[in-house]
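Respectively, the protein sequence lines represent chains A and B.
Sequential numbering of the first sequence, starting at 0, is according to numbering that gives the first Met the number 0.
Sequential numbering of the second sequence, starting at 0, is according to numbering that gives the first Met the number 0.
Please keep in mind that the hints were generated in silico from the structure rather than gathered at the bench.
Each hint should be verified, as a subset may be incorrect.
[What the hints assert, rightly or not] Short derived list, chain B residues pointing at chain A, Cβ under 7 angstroms:
(1) Thr-75
(2) Pro-184
(3) Ala-187
[Unchecked claim] Covered by chain B, according to a simulated footprint, are these stretches of chain A (three or more residues, beta-carbon under 8 angstroms):
(4) 146-152
(5) 166-178
Ideal placement from N, C-alpha and C gives every residue a C-beta, glycine not left out.
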Amino acid sequence: MDHLSHRTITQIGKYKLERGDLPPDILLALLRQMLRLRRMEEALIREYHPADEMRCPIHFCIGQEAVPAALSMLIRPTDYMFSHHRSHGYYFAKGAPLKELFAEIYGKETGANGGKAGSQDISHAASRFYSGAILAGAVSIAAGAAFAVQHKRLDSIVVSGFGEAATDEGAFWEVVNFAGLKKLPLVLVCENNRYATFSDQLKRQASDNIYERVRPFGISAVRIFGNDVVQVYQALKSAVDHARTGEGTVLVEAYTYRLNGHVGPEDDSVNNYRSATDIEFWKMNCPIRLLEEVLTQTGELTPAARERMETVIAEEILGHFAFAKANPFPECPDWRRSNWSEASPLADKLLGSAEESQFDHCQADARLEPY
Amino acid sequence: MTRELSYAAAINEAQRQALELNEDVIVLGQLADMPTGIFGTTSGLVDRFGPGRVQDFPVAENLMTATAMGASLVGTRPIIVHQRLDFMIYSLDAIVNWLALWRFKSNGTSNMCITIRAIVGKGWGQGPQHSKSLHAWFAHLPGLRVAMPSTPYDAKGLLLESIFGECPSVFVEGRSLFSMTGAVPENAYRVRFGDAAIRRSGKDITVVALGMMAPQAMRIAAEVAKEGIDTEVIDLRTLAPWDQTKVLDSVSRTRRLLVADPGWRSFGVAAEIIATVCQALHNRLLSPPVRITLPDSHTPMSSALEQQYYPTDQQIIDAVRASLR
């Protein structure tokens, strides 16, 4: 697809997914992962308001399941992953415990961050997953992790997921420069969903070809139709392999679309920022639907198997809600210790003490050189 | 005979020893690998430890801070260096939105072991973009430790404490102090955060001083002693946390307070210290506490104006006398 652009993407019409050389078990696993994420988000949307127990901004990712599903099958526990505020897909992809995501959103003690972070700032250090809401900031930290992975010659790679809006920020281009220079073991996954909240990329940038713009910095980059999970899987697999074998940084620009509003369960069409034609195109080409059509046609996915999948997923989600609701709210923390570590085990081990002698205070200031 | 080092050499030695003590320590900074080594503070380190552990960095300050953060997550202990604190301001997103709150929002499961060295110019026309000391900004943020050493001894001990601690530390260095020499023990020792130094004991007035104003406070104490004024000088050494116990204990004895802070007056460190003392000892003070600070103005270039801008010994002496009158 040589001319993929949000300007013209609807001209594709009904997309036809090609299964390529992916075996059935991988395809079925991709479908299951996408469905798990979709159903989880739908359930959270349904539950968001009735009791107003989830009292934090949530940026749902319905329609953007292909990238997280593929990543979930390509990365290792020892890899690092960084995400933006639309975090659930990446948290899921890193294999962090979902019940702790639910409990975090409910503000409970057993949440991934004890209720201190919520959906848009969630992290799970043991799973090496981190997120945050100030866009390119997380991409920059990801570059730092990749820098240290390279420095320590570790086998890990670092994956940084972000939207195209992060590339409006100068901080992003500092990463691109440094990653290209150092050939960092970093996979930059740009889910280009076209909108920064409600603002069209083509109102903010002269073109929507981020992948082309990073190439002169020494970064390998591809663009793909991000709702084609087979393409997504293949592109990310080769990106992950590239980074893991020391070949340097790769950027994958996946054109996709969020079907829900920017934040919360509400419809934000009052801003009139996207056309009915566009929405229709993306619904028709939703990543789950595209894969399902192929698998149903070949008989690899029977209605009975599909129903079993749904039942298992529904039970899993009920379990997460039960965990979140049953657990208590956190107690008032010690604010100081929440912000500063009082222990210093390494300093205790490595550093000694010394006597301080009198200092002669009657010395002239340093005479600064012109430089 | 104890060994003497300059303030710059003490900083260099702290980093050298840290690099020796633990292979996870790395140094990143623009020109950190040059022979001149950031005013001598990193000279020779690259020869000893190699370009992997002592690295130049692109002029991308936000990324440098974020790189230190990511690298800390992977188990290194980065020291990053800003030749001018002013350039560090490009990294405010990394510092304010990410670094300071990292431990908090991870619910204590993840710490950032990072030291940010930031050098503040003074004199020789450094002007408004090479001499800002924004220590009060950083001390305002929960989650950061802020050190402001005034002697070679403290510079070494506090830097080692920062590097091997579990909190992100902003280490503010006064460039006017770089040539001052003092006794520096050879071992790798620590100076704790929140532990002020009583540089001089006295009974008439407490002078709390910070950074480059600490030597000045000592000179003034010697001067007013000639007229019988007995000054207690406390060098705060660190701002976050700051040693409230020693300051309150001292003022409860002297019942007079002057704070010498090389920062702007409004909403500054002097105001914070005085507010804390007034809340605790409001009915015991014999005279209104005094703030000696920079004026609420940016730094001028001309040497004639610099002399007007930075508080002079005479101004502080007059303030001490007025406080005792």
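Going down the list of hints, with the structure as the test:
| no. | hint | result |
| --- | --- | --- |
| 1 | Thr-75 | 5 angstroms, holds |
| 2 | Pro-184 | 4 angstroms, holds |
| 3 | Ala-187 | 5 angstroms, holds |
| 4 | 146-152 | holds (count 5) |
| 5 | 166-178 | holds (count 6) |
In this structure, every one of the numbered hints holds.
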